[in-house]
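Place chain B on chain A using the hints.
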Amino acid sequence: MSRIETEHHDGTSDATPGGYEGQRRPGELVFGAVMVIASLVLLWSAYGISGFEALSAPGSVPMATTAVMVVTSLVIFLRDLRLPRVSGETVAKDILPGNVLIVALMLVAYGFLLKPLGFLPTSALFLIAAIKLLGGRGWFWTVGVALGALLLIWIVFRIVFTVLMPAGIVPEAEVIQAFRNLFAGGQ
Amino acid sequence: MDSLLAFLTVFTQPELLLLVGLGTFAGVYVGAIPGLSVTMAVSILISFTFSWDVYPAISLMIGIFMGGVYGGSRTAILLNIPGAPSAIATALDGYPMAQRGEAGTAIGITTVMSFFGGFIGIAVLALAAPVVSDFALKFQPRDYMLLAVLGILLVGSLSTGSLVKGIFAGALGIAIGAVGRDPLTFTERFTFDLPIMQGGISFIAVMIGMFGVSEALMQLHHVDKTAVRQKITRIVPSFGTIRKHLPLSLQTSTIGVIIGALPGTGGDIAALMAYDHAKRVTKKPEYPFGKGAIEGLVAPETANNAAVGGAFIPMMTLGIPGDAVTAIMIGALFIHGLNPGPMLMIEKPDMFWFIVGALVMANFFMLLFGLTGIKLFTKIVEMPRAVLIPLIMLLSIVGAYAVNNAISDVYWMLGFGFFGYFMRHYGYPLGPVILGVILSRLLDDNWRRAIISEREDLGRFFHGIVTSPLSLVLFIAVILIFVSQTPFWARAKKKLLGDPAEKVEQ
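Here the protein sequences line up with chains A and B, keeping their order.
The numbering of the first sequence is this note's numbering, which starts it at 1 and goes up by one.
The numbering of the second sequence is this note's numbering, which starts it at 1001 and goes up by one.
Next up, chain A with everything else stripped away, as it sits in the complex:
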């Protein structure tokens, strides 16, 4: 296969996936091992669907597919085993640096808070925290940009596309109705 462009070794573009040719990045072996185990679990699960009952059974394509996954993940893992490790790279610096880990945890927290707290407060908290963390600008700028962007997104999605996001603690429907009444002349 053709060579991998070194400036894209982190896989920023899908056309030039990350990694190095002829070397293995920190954590690559663990990832490969997880893929092998996951593929084996999926193959076992696929076998459990209908076994070797018939070629047209619901489990036939899943079994064939997961068998391909097992073989290819094993090939990748065994090949990685033989490769030398990239020098000068560490997991903490190049794969999972602090800000990636923190933002990932913030996304998980967002996912869990979205339903109980509602779209507007959760998004406001997420945007303010993320922009402050990444931008390092003053609170006034951070809060202004975060809330301005959130308002725009809310108008586009909630009002124009009528996408119903979880309301949570904010009485969203009542607020919209109040505005409608205002523009309808209080009728």
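Treat the hints with caution; some may be incorrect.
[Claimed, not checked] Pulled from the structure, derived: some chain B residues nowhere near chain A, Cβ distances all over 10 Å:
id	residue
1	D1053
2	A1128
3	F1334
4	S1440
5	S1468
6	F1488
[Unchecked claim] Straight-line alpha carbon distances no greater than 20 Å define the calculated SDA-like cross-link-like pairs of lysine to any residue that follow:
id	chain 1	residue 1	chain 2	residue 2
7	A	K115	B	A1406
8	A	K115	B	I1407
9	A	K115	B	I1196
10	A	K115	B	S1408
11	A	K132	B	H1222
Please keep in mind that the hints were generated in silico from the structure rather than gathered at the bench.
Every residue gets a Cβ at the ideal spot worked out from N, C-alpha and C, and that includes glycine.
Only chain B this time, still in chain A's reference frame:
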């Protein structure tokens, strides 16, 4: 004469003209917002246009369809996030062009080529609909299965990474597509007895997670990097550029129309196949594929817009949807008391010609809206990354939630986002995962139909392949594409022809 009058209706009635224009404008932006699919927009529109007359309702939907297929390319170019699956291939070369500061050029070429491809598709719909639909009718289940295998085998040529990692990713995509209850027997597959798994995994959630969240996480490594200022002085491509790529665009438009006309396939598969075709036939691109080759933009964009016209062929002549959007439009026609299919062509030819006219108009509007407003759009990439990255993450979450109003889709999206992040770091291409999810159903259903029709006998199945010219051609293509991607082939070629790769990569 009546047909001509029906064709011209949309051009002569200001109300219809306005609706097509409005639909196309909205479609461009709906298509550009990741997670907001054209399918979703058109299905929402049905509820609004329920009480309208059929012509205005269809005008608006056609505008959204045409604009939406094109619109996905914008975010693919500017943010490496395809707004729609049909723009996945566009991101491969469009984003590297934007990284070079040539977003305006990329969008200009994309627009003109989409317009060109759109016209080819409409022309084929108008002139050769019965012939193409006859051809599509001849496809047996085993041919669809072979077509799906062919699509999956494109994985190796879709990326410049390792073939074995590409195949792993494609197989993973098929497995993801199989999660949930089997539609034929209702048997649970890969559900692990968890209720959240029984409804399957939303393809949109996988797509947004893999392309949106993982990309945003990747960008965190470069949060201090200043954005590349986009050169948007020349948006309309030169006549020379268009003329140079005309032969390729004609070939890929043809691919687009044919793939679009095959029921169950759509602009996404057409774009990927056209991209692969361009990679094979282009000997000396100015930039290598995957690093900003113009041919890598021309091919998918002509094909996915040509597929729009193609998708209407089976819909109008057979009543079989060419893709998800035409499936919804069949529903819309039913709501308005029309029965799409062969009888519609006989009883209501005016409807057919009106749709052709509306498509032509929508294509013109797409060109107009595509070539204007780009400066404003490109400002997105000049925003500070500290603001842009959290916004992409927020839009991804809203988009994933909006599809089914389900929080579980947000969890899936985040899970695939984190997984995709590691895949990117370790050289696993993401495109094949999405391709696998798209093709999973096509492969699974048609394999089972084909083998049942051969009474579960593999010998009879292969006999069927070698005795049917169509199946044989597809089968040989599968073998050739597989062999051409193996290291053995590369070594043999190198031995025979030397190493031309070095020249291409310079």
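For each hint, the structure was consulted:
Look at D1053 (chain B): its CB is around 23 Å from the nearest CB on chain A, clear of 10 Å, so calling it non-interface holds up. Every beta carbon of chain A lies more than 10 Å from that of A1128 (chain B), the smallest distance being close to 34 Å; the non-interface claim holds. Chain A leaves F1334 (chain B) outside its interface by the beta-carbon criterion, the shortest separation being 24 Å against a cut-off of 10 Å. For S1440 (chain B), the requirement that its beta carbon stay farther than 10 Å from each beta carbon of chain A is not met, with the minimum near 8 Å.
No Cβ of chain A approaches the Cβ of S1468 (chain B) within 10 Å, the least distance being about 19 Å, so the stated non-interface status holds. At roughly 12 Å from the closest C-beta of chain A, the C-beta of F1488 (chain B) stays outside 10 Å, upholding its exclusion from the interface. Simply put, K115 (chain A) and A1406 (chain B) have alpha-carbon atoms about 10 Å apart, close enough for the 20 Å limit, and the pair holds. Simply put, K115 (chain A) and I1407 (chain B) have alpha-carbon atoms about 7 Å apart, close enough for the 20 Å limit, and the pair holds.
Of the pairs offered as hints, the one joining K115 (chain A) and I1196 (chain B) holds, with about 16 Å between alpha carbons and a cut-off of 20 Å not exceeded. The straight-line distance between the Cα atoms of K115 (chain A) and S1408 (chain B) is roughly 11 Å, inside the 20 Å bound, and the hint therefore holds. As the CA atoms of K132 (chain A) and H1222 (chain B) are separated by approximately 16 Å, the hinted pair is consistent with the 20 Å bound.
In terms of the numbered hints stated before, the structure departs from hint 4 and from no other.
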